[in-house]
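Undergrad: Residues per chain are reported as follows:
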Amino acid sequence: MNVAPAVPRPQAPREELESVTVRFAGDSGDGMQLTGSQFTLATALAGNDLATFPDFPAEIRAPAGTTYGVSAFQVNFGAREIRTSGDAPDVLVAMNPAALKVNLDDMCTGGLIFVDTGAFTKRNLQKATFDDNPLEDSSLAKFRIMPIDMSAQTLGAVKPYGLSNKEALRCKNMWALGLVYWLYDRDIRPSADWLRQKFAARPELADANIAAMKAGHAFGETAEMPGEISAYTVPPAKIEPGEYRAVTGTEALAWGLVVGAHLADLKLVFCSYPITPASAVLHTLANLRQHGVVTFQAEDEIAAVGAAIGASFAGSIGVTSSSGPGIALKGEAIGLAIATELPLVVINSQRAGPSTGMPTKTEQSDLYQAVYGRNGDSPMSVMAARSPGDCFEVAVEAVRLSTKHMTPVMLLSDGYIANAAEPWRIPDVTGLRRFDRMFHKEIEGFHPFIRHPETLARPWAPPGVPGLEHRIGGLERDYDSGDVSYDPANHQRMTDVRAAKVELIGRDIPPQNVELGSDSGRLAIVGWGSTFGSINRAVENLIDAGLEVAHIHLRHIWPLPPNLHTLLDSYDKVLVPEMNSGQLRTVLRAEYLVPAHGLNKVTGQPFRISEIEEAARRLLED
Amino acid sequence: MSAPKLPETLTAKDYASDQDVRWCPGCGDYAILKGVLKTLADLQVPREKTVFISGIGCAARFPYYVSTYGFHTIHGRAPTIATGAKLANPELDIWVVSGDGDALSIGGNHMLHILRRNPNMQILLFNNQIYGLTKGQYSPTSKVGTRSPSTPRGSVDSPVSAAQFALGANARFVARAIDTDQKHLPETLKRAHTHDGASFVEIFQNCIVYNDGVFSAFTERAHAADTQIHVEHGKPLIFGADRDKGLRLVPGTLDVEVVTIGDNGFTEKDVMFHDETNHWLAALLAAMEPPNFPVAVGVLYCDPATPYEANFPQNTPLGGSVTSNDDLNGMLRSGHTWTV
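Protein chains in written order, with the numbering used here: chain A, 1 to 622; chain B, 1 to 340.
It is possible that some hints are incorrect.
Stated by the list, open to error - Interface residues of chain B toward chain A, partial, derived using beta-carbon atoms under 8 Å: (1) Tyr-64; (2) Gly-70; (3) His-72; (4) Thr-73; (5) Thr-83; (6) Ala-85; (7) Leu-87; (8) His-113; (9) Val-322; (10) Asn-325; (11) Gly-335; (12) Thr-339.
Everything labelled a hint here was simulated from the structure, so no lab data went into it. Heads up, the beta-carbon is just placed ideally off N, CA and C, and yes, glycines get one too.
Excised from the complex, chain A in its bound form (with noise of 0.2 Å):
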């Protein structure tokens, strides 16, 4: 065995970053989820700003080993503020020769890959389709190379704790981890008190990838690496002051909802059928039934938001969620809660599509199917969330429109940001404002339909007050008695008025700002959801260059703010990036006839900030 001796050897001094992207990629057993979100956890101690994208197989365990079984982890860190989950990762690691060809397209050139030879055996070659082993001819020339029998190393350094074999392997990706947590200067004892915790029972699991970790740490700190590479450093960033943690969409999301409910003095009742990557919501607010959330597993789809309505109904704060595909059997329920005038929330979590799609790939096509995806003229309330963090602020937001104007409100989400981590400024809960009390009380002249002058909203008489008795349902209402009716007049003025109502709410949004650059100008990129970080950094990159290039980015898709027409009226140009073959263009287009152009891509992976930077100076080139 060859296990470099524990003897430090003097180190280089450590070269400064700015900024650094590191990808680890495994096989679907391998970790790789955990090693990332513990790199992640260690990187936000250290002070820097940071994105994550995980990536990995639709597949519970796909065959060892496979170029399809191969799971993804990609941490953007750096000094300064980060906005993306990065373009091409400057570190690669690879548990595996699987692991390496997938991810090798990505790599930056130069870029340092490290790889466990251990794991580099001919049927690993032959399972990942390598006719040669790559690490012996010169096909991987353009990167800088770092080949170590990591499985050997684990294995050496985990021999005093008595697992088997198979279990002593297990602790590799610690090991790959403590020699990249060497690599950035990073401190290894959050991670070394977070196995103490997971391996409360097995103690001797705790330690050896605890050792496990210290060895990988101490190889990068004795062994001889070739010149080329040395340690790094990436100095904090510069960051707001206040009490951080890190988030991933799906908490920051559950989070929202529940002090959105308690901002509205409700009960949250959250209803939901499990589908990737929608199901960690319900996961999480699961565990959080201490804070007087009910969660509520149903049997199908559509099950999940009737109880939601409900809930409404009876005066709770019903929610639902789910991803395009259970947002599909869903509709004819909104449309009920549209008809109704229920408040409900209704989240998207957005997965590739059509159909079955892609599951556990990230995709923004279901921007249709929430503005427009029901029978009927059914306007609805649309939001979408820009990062982990924002998923927050969408979801308190959420709950005070849909309480306060009595209306489904949807909440489109995406696998990207569902996953993906970025530290947050945790608020304080005492310094939020509630809402109004919304239930009313008022039995003179009640009826189930009388509007509040303002917002056009009809009461919420939850039953158990006398005197309010009242029926609902999905048939047609007369305006002026709230009972069944078919007359022709009146569904022109109840569907005028659904439509006015949820046009209403444009008053109570704030006018859409412009995120970076001037209010007009020659080209306005404009943005939803997830992109944002790519947008805005390319946008950044632009102006830097002297181009005269604005970022707009819409969290309101329905209605969309009323300014919005007047301020794409004074850019010469309009481009609009999605991950989809170009929804919201559509939309902008037919409301404001403004000649929008494309920029769109549906393969599942996240938009890198160049291809965003590329296509804004063709456009500005014409």
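With chain A's structure known, arrange chain B on it following the hints.
TA: Chain B alone, transformed into the frame defined by chain A:
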């Protein structure tokens, strides 16, 4: 003189809404509405805590005609909406009203799950073995050979038995009633209301337009006594105009047979007693059909279990958020945090 104001006694009329009832003249639904209104008055339920929830179909218009809270929802989904309402406010007294198409076709899945979950509410299934509102197509309870606009040569689908379905779904209360039987219908509904958990009541209902007389084999007054058996807990399973017919367990089998007391040496001692907590017996009773057997009506099965909503410790009555700013600040700060 100022006498203390006595609590107002509500009559069946007080439970009727101001809406015109718009079922076909002669529809069995009128009789069921009458029976339900009488039940509500007999029980003096508080109108403000009572909610009628329905799906789609003729039966589903029911909530409009009751002066409680009501929600006419979408096809087959009433159980889901009722479940959510119960989770929001466990104090609500909920009645789900559904037809055979609504409850067993489009909503079959939800009916299965609401019964196994067992929230405390009454579920009424108006079974007329036909689709009324969509104009006469066969339903999941229609007999094989039913001629309808969608089955002009007779249906070939095997029908589902509502009561057997409910027992199979682990319902803890299964009963049957007949629309026009104004003596037994309110009695059965009262038992259903008393039951703590989901109570499932199948009501044989005559559709005068599309399936008139489909149940006349056992509902016609002339022979009802010989073709129905009203089961009562602890009482012998005896029926017939002359009270001379009984149900006997065939020795050495899991089968029942009809015996005539006095014939072939059979005495009252040979007749089984009804035990509504016996699931096996309930299944045998639910499966009995004419012409060889009487139709069992009354409470076939009642064996209470903890209602669903009682298993949600956080399920407080309506009254808002139960958490505090401090709790939530703690939630947001659980795990690793750091200060910049």
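Undergrad: Each hint: holds or not?
TA: Each hint, compared with the structure:
Annotation: B:Tyr-64 was flagged as interfacial toward chain A, and the flag holds, the nearest CB pair being 5 Å apart, inside 8 Å. Using the Cβ-Cβ criterion of 8 Å, the hint placing B:Gly-70 at the interface with chain A is satisfied: the shortest such distance is roughly 4 Å. A cut of 8 Å between beta carbons decides the hint on B:His-72: the least distance to chain A is about 3 Å, and the hint holds. Checking B:Thr-73 against chain A: minimum C-beta separation of about 6 Å stays under 8 Å; hint holds.
Restraint check, B:Thr-83 versus chain A: the minimum CB separation of about 5 Å is within 8 Å; hint holds. At its closest, the beta carbon of B:Ala-85 sits 4 Å from a beta carbon of chain A; the interface hint therefore holds under the 8 Å criterion. With its C-beta approaching chain A no nearer than about 5 Å, B:Leu-87 sits inside the 8 Å limit, and its interface hint holds. Taking 8 Å as the C-beta cut-off, the interface hint given for B:His-113 holds, the closest approach to chain A being about 4 Å.
This hint holds: B:Val-322 has a C-beta 4 Å from the nearest C-beta of chain A, less than the 8 Å allowed. The closest approach between the C-beta of B:Asn-325 and any C-beta of chain A is roughly 5 Å, which is under the 8 Å cut-off, so the hint is satisfied. Given the 8 Å rule on beta carbons, the hint for B:Gly-335 holds: about 7 Å separates it from the nearest Cβ of chain A. Interface hint at B:Thr-339: satisfied, since its Cβ lies 5 Å from the closest Cβ of chain A, which is below the 8 Å cut-off.
In this structure, every one of the numbered hints holds.
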